[in-house]
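Participant: Chain by chain, the residues run as shown.
Protein chains: 2
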Amino acid sequence: MRELAQQLRVDAVRSSAAAGSGHPTSGMSAADLMAVLFTKYLRYDFDAPENEANDHLVFSKGHASPLLYALYKAAGAIDDEELLTFREFGSRLQGHPTPEIPWVDVATGSLGQGLPIAVGIALAAAKLESSELRVWTLCGDSELAEGSTWEAFEHAGYTGLSNLTAIVDVNRLGQRGPTMHEWDTSKLAARAAACDWHVQEIDGHDFDAIDDAYAKALAADRPAVIFARTKKGSGVAAVEDQPNWHGKPLADPEAAVEELGGIRDVRVEVQAPPPAKPFEIERAPVERPSYELGEKVATRAAYGDALAWLGSIDERVVALDGEVGNSTYAERFAAKHPDRFFEMYIAEQQMVASAIGMQTRGWKPFASSFGAFLSRAYDFVRMGAISDADLKLCGSHVGVSIGADGPSQMALEDIASLRAVLGSVVLYPSDPNQTVALLDLMRQHRGVSYMRTTREKTPVVYGADESFEIGGSRTIRSGDGDAICLIGAGITLHECLTAADRLAENGVAARVIDLYSVKPVDADTILAAAEETRALVTVEDHWHEGGIGETVAGVLADAGSGTPLVRLAVSERPGSGPPQALLAAAGIDADHIVAAAERALQPSAA
Amino acid sequence: MRELAQQLRVDAVRSSAAAGSGHPTSGMSAADLMAVLFTKYLRYDFDAPENEANDHLVFSKGHASPLLYALYKAAGAIDDEELLTFREFGSRLQGHPTPEIPWVDVATGSLGQGLPIAVGIALAAAKLESSELRVWTLCGDSELAEGSTWEAFEHAGYTGLSNLTAIVDVNRLGQRGPTMHEWDTSKLAARAAACDWHVQEIDGHDFDAIDDAYAKALAADRPAVIFARTKKGSGVAAVEDQPNWHGKPLADPEAAVEELGGIRDVRVEVQAPPPAKPFEIERAPVERPSYELGEKVATRAAYGDALAWLGSIDERVVALDGEVGNSTYAERFAAKHPDRFFEMYIAEQQMVASAIGMQTRGWKPFASSFGAFLSRAYDFVRMGAISDADLKLCGSHVGVSIGADGPSQMALEDIASLRAVLGSVVLYPSDPNQTVALLDLMRQHRGVSYMRTTREKTPVVYGADESFEIGGSRTIRSGDGDAICLIGAGITLHECLTAADRLAENGVAARVIDLYSVKPVDADTILAAAEETRALVTVEDHWHEGGIGETVAGVLADAGSGTPLVRLAVSERPGSGPPQALLAAAGIDADHIVAAAERALQPSAA
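Chains as they are written, first to last, in the working numbering: chain C, 693 to 1298; chain E, 693 to 1298.
Among the hints, a few may not be true.
BS3-like cross-link-like pairs, simulated, lysine-lysine; straight-line CA separation at most 27 Å [to be verified]: (1) Lys-969/E with Lys-819/E; (2) Lys-1149/C with Lys-940/E; (3) Lys-988/C with Lys-940/E; (4) Lys-908/C with Lys-732/C; (5) Lys-879/C with Lys-819/E; (6) Lys-908/C with Lys-819/C; (7) Lys-969/C with Lys-732/C; (8) Lys-879/E with Lys-879/C; (9) Lys-1149/E with Lys-940/C; (10) Lys-879/E with Lys-908/C; (11) Lys-819/C with Lys-969/C; (12) Lys-988/C with Lys-1149/C; (13) Lys-879/E with Lys-908/E; (14) Lys-879/E with Lys-819/C; (15) Lys-988/E with Lys-940/C; (16) Lys-908/E with Lys-879/C.
Covered by chain C, per the in silico footprint, the following chain E stretches (three or more residues, Cβ under 8 Å) [to be verified]: (17) 771 to 783; (18) 791 to 804; (19) 836 to 844; (20) 886 to 894; (21) 1006 to 1017; (22) 1070 to 1076; (23) 1240 to 1248.
Everything labelled a hint here was simulated from the structure, so no lab data went into it.
Ideal Cβ positions, reconstructed from N, Cα and C, are used throughout, including at glycine.
Generate coordinates for the entire structure from the input sequences, incorporating the hints supplied.
Facilitator: See below:
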């Protein structure tokens, strides 16, 4: 075991030296911890990472990648040659691990995310699959300052996830200097204990202590955490427990390798997992919801109805909510499929992390909160995209149209922020039947997708049998003589329709496009409108920046279209008030659309 | 005191009834707690909210606004007539409190933010001003699930902020049902104690216990938290400790008022604060940094130099960093002005919250981390803008050009997300002298501003005496016969300059614009280029969505310009590798700019 641990250190030093960068010292501190784990406790078939009975190991301290990759070599998963491609362009052994590597579940490197995601994996295994797998996560001590870590402690303790073990590598040194508590693990231990965890504090370089701690962790009837006091750069005097050696290769790697006893080729036989056991999922029958033309139904309510239906046709659908299920209407899923509903309380980071964890096991998680509060989990969504996660988000209560609750509750930046996520899909239904159809498309789509729903009731404008597509749009009104094209989505679509009626009364024919798929966007339909009308008007209950207007502007500019575009969006701080008053104050109601259209069509403006 | 408390309940019921919405029951639970605070402990001159010796009271549970506004009436700050404008359009008494009200420091309503911000206020008072003021914050129990709350407990305990008292209204019921721990405060108390807080658990409806708890909290030599078990809707049997009464006016407000003993007009004389004491701030002399043309200096290094200089010319400048000061170079400020530097460890939410808290006391906080990790605090920035906060952010290590560390460390969404913040300024320097000038503009600008800095060293292209402006741009190369215009910023400006050289060799004259002010943007210069050249090319180390390209597209579309625009930006998941290889792989290096320009100028494309 000691030989293995020394090899891990040697290989961490060597790969970082070859790369000319990396974090070898952050891996060396945890080498003994991981040597024992791989030798005696981890159950994982490196030849079959898809084996659903495999344990999971999440390197929450993703910068310790030189250690992780050294472990892969020791387990025979990669060879020495590949090890030395660390951080090279094109190598899958990147600076921080990503799922391009088949044994990596999720990208880490943004600290404080691995443990919350591990909680999600453990939740899926324990609560959905009754699996016997174990979830291990290696955390750094610095990242315990992240609140997200404590959301994870709280949730795992509350839920009693005995399949989860967190190994904290307390090496006392962060990037720029000592951590808050250095080697005093007593306070962290007390906090974890108060979160109902099984807690141990050990010397992280004592093999017997490590072995004993893992055995006790596995025997515990609750999540277990091991605070292991270690030395950063352990094993090489020049860097051991020394400051200013974070994120750097060693100055003299050859001497370090010699000090560590030289290059080895120890091979560790990681235990295979026991056979997976089948499990059953209950599916309550729920009919596909449909709504009558003329009814008024909020898209958020349709989200709840649709999600309950999707749960009945797809047993892999699960739902999570941030203690607002009676507002997002996720409660309608919970009522039908209680075993697949997860109340995450007011902890949006843990909610999104849980979803990311669950999708690593093939679940299709839908996570909902007010759109404004999803901004709390933005870094998790960003990292989820790097993980290529199948993550479905719903944000309700968007825009000024929520009314009296005021600006703190209004999502006005969600389109911009969630469009700016790698490969994301952003859908914004205006009608309950469309909500149902689009949510089913989200279910079938693999990747990060986001649906924006409206608090207020809006009229049904589509039949229940109409179909839509990701990347599509719907031209609701059009004719040969259209003078102008109004483009809206969600609540502003209805303002556009009202405006088109008024314009028609004034003799102006207005085309109306429902741009329900904001990303990807239907450029062809926009460009056809730009060809066939004299001006376009976009209207959105969102800030100007990064929203529907800029999306359309990008389409026009890419094509070199010279058709004038008028962009109506929110530009000033809204307050409280009735929805219609706030739409008017923001300049995005039918009156303002009519005025903007008429201005755009004046001869001088043409 | 009991009469006052009943009046607060009555007025919460009345204002919510008048509004037809609101959260009266969430205020009623804390009425006794606040009655004692206002009667005996708070020191605040409602006639002079600008008095710097006033205590601060942050309603972290912002939805309890009916209670807060009832307190204002009891203190004589507002009259009954105004109280009943609650949630009306145009009333400053919004659904959740904002600083439109002179006695409110910061907008709340996104749970888990008030306590972290209170920590920032307490840090400023204790560490910068040696003030004797006290910071009080009223928290809900539901929001203790937010990790940000525990960042605050950790930081305040670690720092020993004895001027801070958190009052937790443990009313057992969240929005949709019971909280995790309901009235069992023991675990929360243990966690707070392990964060080095003075901890009390009391009956929140026992006036003597409340009084005693406040006295002990003030006497403590550390931050104090009082977990007060209360009943939601306390005082009215129909709603007291009943589920499904969150965020709703009472069904029979008149009966409730009668049950509470009727309408009163109790007036509470809140104590005035003691006179403010003067304090001194040390200012080490630092020369304005300047760099020679031809030198290569990273803009992140210039940020550190510039910040140290600003600290010497403006004693109100303070700096905060998220444990990466040796990467953002905030450490250069810390070296010169250690008393005004705050190490926030890896807790970006607490970092931004601290900055927001400090600016309520007139400080000018600059908070820095990797740009990618500022996404962790996005909700705090969003709320900061609603608070009209003077918040200066710097994100380093942006884009693929950071190189080998890989995508988890690359900010590629920061321009989009931070442009989509109310009234924000987004600056992106390409050169160290420009960085210095722009950072000084950020110091002088009041509002949310963001500077994006680059990891790699880039050549100095501007003289140290050149001036820039928010909303400006710099046309670096131009001539009468310009065929095309290249628009870059930051690292891509240098790629544009290289491309322009190569294009010149091929006989193509290229204008080059440095779009260092991404928001607000210099539309005039862009439109002039669109008039005077045949095509524009934007180049950015950022996703396509919401970045420089869409900003320019918006300018062109608003003006109805038909000049073709080619937008080069990152569109695929980057990996690790050398910076130049990653710029090439993303299609944003000089080679790709040249190719795009030549394509755009081909006759068939014109």
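Participant: Does each hint hold? Answer for all of them.
Facilitator: Each hint tested on the structure:
1. Lys-969/E with Lys-819/E: The given pair, whose Cα atoms are some 14 Å apart, holds under the 27 Å limit.
2. Lys-1149/C with Lys-940/E: Holds: Lys-1149/C and Lys-940/E sit about 18 Å apart, inside 27 Å.
3. Lys-988/C with Lys-940/E: holds (22 Å)
4. Lys-908/C with Lys-732/C: With a Cα-Cα distance of about 13 Å, the restraint between Lys-908/C and Lys-732/C holds, given a limit of 27 Å.
5. Lys-879/C with Lys-819/E: holds (24 Å)
6. Lys-908/C with Lys-819/C: holds (22 Å)
7. Lys-969/C with Lys-732/C: holds (23 Å)
8. Lys-879/E with Lys-879/C: holds (14 Å)
9. Lys-1149/E with Lys-940/C: holds (18 Å)
10. Lys-879/E with Lys-908/C: It holds: about 23 Å lies between the C-alpha atoms, which stays within 27 Å.
11. Lys-819/C with Lys-969/C: holds (14 Å)
12. Lys-988/C with Lys-1149/C: Holds, because 5 Å separates the two Cα atoms, which is no more than 27 Å.
13. Lys-879/E with Lys-908/E: Between Lys-879/E and Lys-908/E the Cα gap is close to 21 Å, so the pair holds against 27 Å.
14. Lys-879/E with Lys-819/C: holds (24 Å)
15. Lys-988/E with Lys-940/C: holds (22 Å)
16. Lys-908/E with Lys-879/C: holds (23 Å)
17. 771 to 783: holds (count 5)
18. 791 to 804: holds (count 7)
19. 836 to 844: holds (count 7)
20. 886 to 894: holds (count 3)
21. 1006 to 1017: holds (count 3)
22. 1070 to 1076: holds (count 4)
23. 1240 to 1248: holds (count 7)
Of the numbered hints given earlier, the model fails none.
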